[in-house]
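Could you put together the complete structure from these sequences and hints?
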Amino acid sequence: MDTATATAEIEHGHDPHATNTGISNNKLAMWLFLSTECLLFGGLISTYLLYKTRQGNADVLPTDLFDIPFTSVSSFVLLMSSLTMVLALSAVARNDMERGKAWLVVTAMLGAVFIGGQVYEFTAFVREGMGFTSSPAASAFFTLTGFHGVHVSLGLVMLMSLWVAAGQGKLTSKNSETVEIVGLYWHFVDIVWIFIFTVIYLIPPA
Amino acid sequence: MSEATAAVETHDDTHDDHHPSDWEYVKIAVLLAAFTGIEVATYFESVFTIFETRWVLLTTLFVLMFVKFWLVARMFMHLKQDKPILGWSFVSGIALATAVYIVALAAFNFF
Amino acid sequence: MAIIDEPLALESGDTYAERPLGVLTRPQAKGGWKDWVSTVDHKKIGIMYGVAAMFFFLVGGLEALLIRTQLAFPNSGFLSADVYNQLFTMHGVTMVFLFVMPLAAAFANYLIPLQIGARDVAFPRLNALSFWVWLSGAIFLNTSWIVGGGGADCGWFCYSPNSGIIYSPTNGVDFYAVGLLIAGIASLVSAVNLIVTCLNMRAPGMSLFRMPVLTWMLLVTQFLLAFALPVITVALFLLLFDRTFDSQFFDPEAGADPLLWQHLFWIFGHPEVYIIILPSFGIVSEVIPAFSRKPIFGYTFMVFSGIAIGFMGWGVWAHHMFVSGIGPISVAAFSLATMFIAVPTGVKILNWLATMWGGKLRFTTAMLFATGTVAMFTIGGLSGVTHSLAPADTQQTDTYYIVAHFHYVIFGGGVFGLFAGAYFWWPKVFGHFLNERRGKVNFWAMFVGFNLTFGPMHVLGLQGMSRRIDTYSAGFGFELWNLVATIGSYILGFSVLYFLWNVYKSKKEAPNLPPPGPDPWDARSLEWSIPSPTPEHNFDEIPVIESQDDWWFRKYNINEDGSVVRIATAEEAAQKGDAEGVHLPSPSFWPLVLAIGLPLIGYGVIFNLWLCVAGGLLTGMAIYAWALEPVDDPDAAHDHGDHDDHGDGDPVAVAAGDASENSEGEA
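Protein chains in written order, with my numbering: chain A, 1 to 206; chain B, 207 to 317; chain C, 318 to 984.
Keep in mind the hints are simulated off the structure, nothing from the lab.
Idealized CB from N, CA, C, for every residue including glycine.
Hints should not be assumed to be uniformly reliable.
Unchecked claim - Each pair of labels, with its calculated beta carbon distance range:
# : chain 1 : residue 1 : chain 2 : residue 2 : range
1 : B       : F272      : C       : E853      : 42 to 52 angstroms
2 : C       : D352      : A       : R99       : 44 to 54 angstroms
3 : B       : D288      : C       : D895      : 40 to 50 angstroms
4 : C       : P569      : B       : A247      : 33 to 43 angstroms
5 : A       : N95       : C       : I884      : 50 to 60 angstroms
6 : A       : D64       : C       : E570      : 17 to 27 angstroms
Unchecked claim - With a straight-line Cα cutoff of 25 angstroms, these simulated PhoX-like cross-link-like pairs (lysine-lysine) come out:
#  : chain 1 : residue 1 : chain 2 : residue 2
7  : C       : K893      : C       : K347
8  : C       : K361      : C       : K822
9  : A       : K174      : B       : K289
10 : C       : K351      : C       : K361
11 : B       : K286      : A       : K174
12 : A       : K170      : A       : K101
13 : B       : K233      : A       : K101
14 : C       : K824      : C       : K757
15 : C       : K824      : C       : K361
Right, here's the structure in full:
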């Protein structure tokens with residue numbers, strides 16, 4: 001390889017081929033981080049599964065109060081936000097910043113709707129007699145879904161930061177990998193909800 | 207700088223070859239929605255009485271859950287187009303978590 | 318974030334940006350405290366980890382000496398039971414989380430980039446963040462003594478319901494939970510950082526199976542950290558929620574199960590002990606070959622046994638819970654799994670011995686500590702095998718026999734290995750040797766003190782002395798060995814202080830002694846191919862690797878008849894260290910600022926939620942400032958929209974000013 005090309009390739013920091021794996025450091029780091037999050041959510045899910053019938057001194061269990069149609073809608077909303085996320089990435093990768101920004105906003109809004117749904121659901125549960133401290137089942141349920149909600153909220157912050165950056169012209173097709181990496185996080189959070197929705201909500205008590 | 211630009215383009219071109227188009231993403235999303243619909247249908251046992259049988263219910267839910275996860279991971283997260291190490295890294299986390307927590311739950315006589 | 322910023326085009330001749338965003342400029346300190354506080358250099362970070370770890374070694378050691386003083390005589394009133402509980406808890410927490418782990422991190426940070434032929438880690442600012450976050454967590458944890466009503470008193474494993482508000486009413490346990498959560502963030506970030514470094518930033522020709530055994534063991538350790546820490550994170554949050562917000566995770570009266578804590582803690586806790594020992598195994602795998610003048614015996618087996626240990630370590634955790642009522646099936650399963658894990662460890666012991674066999678042995682202090690590691694770990698491992706038999710463990714558990722076991726493996730194995738590493742790499746890090754004569758005194762004092770302290774505990778345990786009791790009555794026959802152990806512990810304490818004395822004196826004597834040169838031990842891995850102390854830029858030229866032990870083969874050839882012939886001296890073959898214009902990642906204050914926000918949040922959780930807001934704002938602001946601070950690199954103005962941090966080894970990179978290496982990738 002001649003000097004000029006080598007220099008150019010090195011200076012072009014977007015060249016992941018210079019890493020041993022051919023994957024950029026940032027992307028590899030995000031995937032590793034996501035796989036560690038599996039251990040985190042696995043622990044919270046297992047805690048819930050262990051405690052889901054432990055009513056303690058409370059009148060109700062989470063399974064008594066679930067509103068499946070409502071949660072189905074918010075699950076669907078989050079699922080669709082994965083679509084809009086990937087459309088945002090696709091737009092940014094082709095340098096279509098207007099579409100990219102639009103899809104980012106839509107993704108964030110869908111995420112916000114999901115969070116709104118969670119908040120509504122939680123306040124409804126509290127009104128119906130199940131608070132965070134009511135029973136082991138309740139504590140486990142709120143902790144699991146609360147952690148997920150915090151993750152979604154942090155994702156919202158990242159999405160909006162991307163939107164701002166795009167608005168300032170700092171987001172281009174050359175650093176579209178940043179959008180991809182935020183997208184990985186967002187899809188992961190969606191996958192966790194896919195799991196939670198099935199295992200926690202849809203499986204009825206035996 | 208043209209060489210750098212050329213390097214970018216070459217890189218991007220090969221990258222884009224395998225990426226699904228926007229329309230394909232939408233089709234996947236429709237599939238995901240459909241699967242979610244079936245999942246929700248299991249709730250209405252009185253209408254879809256087959257789901258009153260627990261093993262049918264559980265199998266349906268777990269299969270659908272896995273398929274949805276697979277679609278999001280493979281297609282939306284681009285694992286299909288990416289180098290295998292990323293998939294392996296993700297799978298190792300999931301596999302470890304699953305194994306360890308199933309054993310833990312078993313120790314609680316959960317099953 | 319640098320990854321969404323176009324770096325500023327600088328005026329020609331400028332070497333840094335003039336405050337483009339107000340306060341956000343990159344620090345420029347050269348030397349002095351500002352340099353250390355803003356550094357992102359993996360070597361300086363490694364040194365800071367080491368210094369801080371040694372400080373906490375003294376803290377934990379003081380706690381230990383107080384414990385041993387209390388136990389020297391029966392019916393001792395030297396310490397109250399309450400204080401005693403705090404001491405043994407904090408001793409364990411300090412030694413594990415604030416001494417052994419960060420000291421291993423010191424080696425990992427300093428050596429991994431050097432051993433793989435890189436200029437720094439994948440995410441230099443995140444690396445600094447890990448150190449500052451860990452340090453802030455460590456300090457936070459210890460402020461428990463001052464503002465927390467005392468140290469945590471629940472034991473380092475902090476079982477519930479003892480850890481709840483009723484039985485631990487002071488804030489000690491809260492500081493424990495929050496402090497470990499903070500420190501856990503540090504280790505998790507560091508683990509991801511080092512894994513990406515090992516996978517992505519190796520020099521050309523440095524395939525994974527040409528990496529030194531130390532780097533491999535550290536890589537496995539990082540995977541263990543990455544996967545184990547989230548589990549204890551869950552446990553600590555549940556504990557914190559119970560204590561702070563009255564949730565119902567561990568209250569038996571509410572129908573909760575205290576065993577949940579035990580499972581979650583030990584799912585972390587068992588991989589944790591491999592996290593502790595694998596770095597020392599790696600160090601020993603470097604030191605023994607150097608002083609046997611032979612390559613490590615069975616490199617492939619050493620690598621795979623390390624991986625096997627890492628893997629199997631996930632399947633044995635409930636051997637810490639044999640008497641907790643998990644039932645005979647669980648007990649039998651975990652008992653069997655525990656027996657199996659002795660196999661890969663045994664492979665390593667045999668391979669170290671085989672390395673020494675027939676070698677030209679030279680017992681420097683490092684070698685003494687390394688062979689001591691092997692011997693002491695074998696003893697500890699043998700008692701471990703006796704624990705794996707659940708019926709036997711039923712008698713042993715909660716006695717001093719267990720205390721003996723884990724001190725033999727953690728101290729005799731882990732700490733001895735780290736001291737071996739200190740003596741071995743000291744010349745590389747600091748440019749002078751630790752004095753060998755004093756080193757030998759250090760070793761023998763530590764060896765004698767250690768064995769006198771913990772050897773008798775096997776006997777005490779089997780005679781029935783319980784763990785975690787603040788005193789014992791006369792007439793049980795515990796008096797003699799407790800006194801011996803206490804005397805041993807004072808010898809041990811002396812040996813640690815003597816080590817520090819050696820550090821001090823060696824530094825003072827250094828100007829009058831010849832410099833060690835790049836490769837004083839005639840060793841095999843890449844860090845010995847560059848000057849001592851290591852130049853700031855590590856390598857003048859990223860080497861191209863042609864084999865395992867590539868550096869060795871630049872000094873020696875092996876003839877067809879197997880004889881080794883020198884082809885170059887170390888001084889001839891080593892890099893000179895005089896490269897100019899090598900671009901390094903720019904320093905930053907934001908990791909430190911971010912790190913300060915976390916204990917503020919911690920104090921907020923315990924005392925006043927408004928502090929959480931303050932801490933959260935500080936942390937959030939630091940994250941954005943970090944993301945927005947400019948890339949400080951005159952060459953970066955050329956089309957640098959994204960960046961990957963890598964040393965790709967192309968010699969052209971140096972001439973071009975290493976533009977790519979200036980960039981920083983991080984979250």
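Structure-based check of each hint:
1. B:F272 / C:E853: 42 to 52 angstroms: Given about 51 angstroms between the Cβ atoms, the range holds.
2. C:D352 / A:R99: 44 to 54 angstroms: Because 46 angstroms falls inside the window, the suggested range holds.
3. B:D288 / C:D895: 40 to 50 angstroms: holds, 41 angstroms
4. C:P569 / B:A247: 33 to 43 angstroms: Check passed, 40 angstroms falls within 33 to 43 angstroms.
5. A:N95 / C:I884: 50 to 60 angstroms: holds, 55 angstroms
6. A:D64 / C:E570: 17 to 27 angstroms: The hint (17 to 27 angstroms, Cβ to Cβ) holds, given that D64 (chain A) and E570 (chain C) are roughly 22 angstroms apart.
7. C:K893 / C:K347: Judged against 25 angstroms, a Cα distance of about 22 angstroms means the pair holds.
8. C:K361 / C:K822: holds, 22 angstroms
9. A:K174 / B:K289: holds, 20 angstroms
10. C:K351 / C:K361: holds, 12 angstroms
11. B:K286 / A:K174: Roughly 22 angstroms between the alpha carbons, so the hint for K286 (chain B) and K174 (chain A) holds.
12. A:K170 / A:K101: holds, 12 angstroms
13. B:K233 / A:K101: This hinted pair holds, its Cα atoms lying about 22 angstroms apart.
14. C:K824 / C:K757: holds, 17 angstroms
15. C:K824 / C:K361: holds, 17 angstroms
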